[in-house]
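A.B. asks: Dock chain A against chain W, hints included.
Those protein sequence lines, which keep their order, are chains W and A.
Here the first sequence is numbered in this note's numbering, starting from 2 and rising by one per residue.
Here the second sequence is numbered in this note's numbering, starting from 25 and rising by one per residue.
Note that these hints are calculated values from the structure, not bench results.
Owing to the predicted nature of the structure, the values given are computational and were not obtained by experimental measurement.
Mixed in with the good hints there might be a few duds.
Taking beta-carbon pairs under 10 angstroms as the criterion, some of the chain A residues facing chain W (in silico) [as the list claims (entries may be wrong)]: (1) Q26; (2) L37; (3) G41; (4) G47; (5) G48; (6) L61; (7) A64; (8) S65; (9) D68; (10) L70; (11) G71; (12) Q82; (13) Q87; (14) I95; (15) S103.
Where a beta carbon is used, it is the ideal one built from N, C-alpha and C, also for glycine.
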Amino acid sequence: MYIAGIAAVLVTMALTLARAFMGPTVYDRILAVNSFGTKTVLIIALYGYFTGRPDFLDIALVYALINFIGTIAVLKFFEYGDLGRDRPSQPDDI
Amino acid sequence: MQLLLDAISWICLLSGGFFVVAGGIGLLRFPDFFTRLHAASVTDTLGTGLILLGLMLQSGFSQASVKLILILVFLFFSSPTAAHALAKAALHGKLVPFVKR
Chain W
2 MYIAGIAAVL
12 VTMALTLARA
22 FMGPTVYDRI
32 LAVNSFGTKT
42 VLIIALYGYF
52 TGRPDFLDIA
62 LVYALINFIG
72 TIAVLKFFEY
82 GDLGRDRPSQ
92 PDDI
Chain A
25 MQLLLDAISW
35 ICLLSGGFFV
45 VAGGIGLLRF
55 PDFFTRLHAA
65 SVTDTLGTGL
75 ILLGLMLQSG
85 FSQASVKLIL
95 ILVFLFFSSP
105 TAAHALAKAA
115 LHGKLVPFVK
125 R
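For reference, chain W alone in the conformation it holds in the complex (with noise of 0.2 angstroms):
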């Protein structure tokens, strides 16, 4: 049964890997490493429970909090240019 679940995860990050390299725009290889990052969370759970051992959600759950910590990163350092050093606040600063 988890084979079933991982074998259409893989196919899906598969997918997801293409369209990282496809990607026109910066954003697209953004979202299709997001993507796969969440997918690799999916991974971990469902091999824990085909190897019987639970304790890989730990490993899971700590991989969602940085693959999440890990885009709002790139993405501020997409939008302003650096990740934030100190400077006079432009007037449009959002």
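C.D. replies: Positioned in the frame of chain W, the structure of chain A alone reads:
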């Protein structure tokens, strides 16, 4: 009773897998970034939710289910937030949404 639980978790896992693959295909075939963003975030919430629900049914009332619920709740909060941040950054990056004239 155990057979019923297995059957339900089997259905949840398979339908979750189907939605995940559907989202992956949508990620590839949609014409514009914002439509792909929708496809990816749909699969993130529904597909993941169903698969984790299927796993939860397998383990019943145990510590593993509590961890699964934590993962599910966190993904339900973080996935839309990431999608919103992506759309906001893309709009600021002067990416014009695809409008069929």
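A.B. asks: Just to be careful: measuring from the Cβ of A:G47 to every Cβ in chain W, is the smallest value less than 10 angstroms?
C.D. replies: Cβ of A:G47 sits 7 angstroms from chain W, so the hint holds.
A.B. asks: Was the hint right that A:A64 lines chain W, CB cutoff 10 angstroms?
C.D. replies: Cβ of A:A64 sits 4 angstroms from chain W, so the hint holds.
A.B. asks: Tell me if the interface restraint on A:G48 is satisfied: Cβ within less than 10 angstroms of some Cβ in chain W.
C.D. replies: holds, 4 angstroms
A.B. asks: Tell me if A:L37 is really an interface residue toward chain W, meaning its C-beta lies closer than 10 angstroms to one of theirs.
C.D. replies: holds, 5 angstroms
A.B. asks: Please verify that hint: A:S103, Cβ, nearest Cβ of chain W, below 10 angstroms or not.
C.D. replies: Holds. Min distance 7 angstroms.
A.B. asks: Have a go at the A:D68 hint: is there a Cβ in chain W nearer than 10 angstroms to its own Cβ?
C.D. replies: holds, 5 angstroms
A.B. asks: Going by Cβ atoms only, is A:Q87 closer than 10 angstroms to chain W?
C.D. replies: holds, 7 angstroms
A.B. asks: Hey, does the A:G71 contact hint survive, CB to chain W under 10 angstroms?
C.D. replies: Since the shortest Cβ distance to chain W is 8 angstroms, the answer is holds.
A.B. asks: Hint check: is the beta carbon of A:S65 less than 10 angstroms from a beta carbon of chain W?
C.D. replies: OK, holds: A:S65 within 10 angstroms of chain W, min 8 angstroms.
A.B. asks: A:L70 was flagged as interface toward chain W. Is the shortest Cβ-Cβ separation under 10 angstroms?
C.D. replies: violated, 12 angstroms
A.B. asks: Given a cut of 10 angstroms on the nearest C-beta pair, is the interface hint for A:G41 held or broken against chain W?
C.D. replies: holds, 3 angstroms
A.B. asks: Given A:Q26 as an interface hint, is the shortest Cβ-Cβ distance to chain W below 10 angstroms?
C.D. replies: Check failed: Cβ of A:Q26 comes no nearer than 14 angstroms to chain W, outside 10 angstroms.
Hint check: violations occur at hints 1 and 10; the rest are consistent with the structure.
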